[in-house]
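From first to last, the protein sequence lines are chains U and B.
Residue numbers for the first sequence follow the working numbering, so the first one is 186 and each next one is one higher.
Residue numbers for the second sequence follow the working numbering, so the first one is 186 and each next one is one higher.
No lab work stands behind these hints, which were simulated from the structure alone.
This one's a predicted model, so the numbers in the text were calculated from it and none came from an experiment.
Treat each hint with caution, since some may be false.
One copy or any two copies: either way a pair holds, since identical chains are not told apart in the list.
What the hints assert, rightly or not - DSS-like cross-link-like pairs, simulated, lysine-lysine; straight-line CA separation at most 25 Å:
{"hint": "1", "residue 1": "K208", "residue 2": "K231"}
{"hint": "2", "residue 1": "K245", "residue 2": "K208"}
{"hint": "3", "residue 1": "K245", "residue 2": "K231"}
2 protein chains.
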Amino acid sequence: MYLAKIYVTYKPSILDPQGEVIKSALTRLDYTGISQVSQGKYFEVKLDARDVEAATAEVKSFTDSLLINQNTETYRFDLSIVNEDEATL
Amino acid sequence: MYLAKIYVTYKPSILDPQGEVIKSALTRLDYTGISQVSQGKYFEVKLDARDVEAATAEVKSFTDSLLINQNTETYRFDLSIVNEDEATL
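Input sequences plus hints: build the corresponding full structure.
As structure tokens, then:
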């Protein structure tokens, strides 16, 4: 059983209005050292696969097709092997 | 300059309807090995701080107060040192 942790962020050229809003809120709250904030999405997916290569291919395939918007977002992921009995992600 | 990568997930006892919807969508798309999906949020924050301890304290403070809902969400984060000139997160 594999655990994929997938981090989705906007592509560098895409405006991130949420990040900008959070940055101004933090500045108003006197967190003055903050120079950049970006908000993305984070997925944890548990999957069965034959081997690491098959798991990697599957994660790429479903992330491209379902989890991200390829026009505006990019992603990276880590894969780890987990015990089937671990209930919590 | 520090870069904090903050991963926000639901607490284990909290229902994650988005994760459930994504899991059923993936199953319908013939990704049959998937046993659990959870969706969370991911933040990248660049900040100035005196040292690692100060940066850690600041990240904890603003994450608790602004970025998460402490009733339903939990988080972890990594801190790394980055060059001020790196424009992209």
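Evaluated hints:
1. K208 <-> K231: So K208 and K231 pass the 25 Å test across copies only (10 Å; inside, 33 Å).
2. K245 <-> K208: between (31 Å within a copy, 15 Å between copies)
3. K245 <-> K231: Answer is within; shortest intra-copy Cα gap is 14 Å, inter-copy 28 Å.
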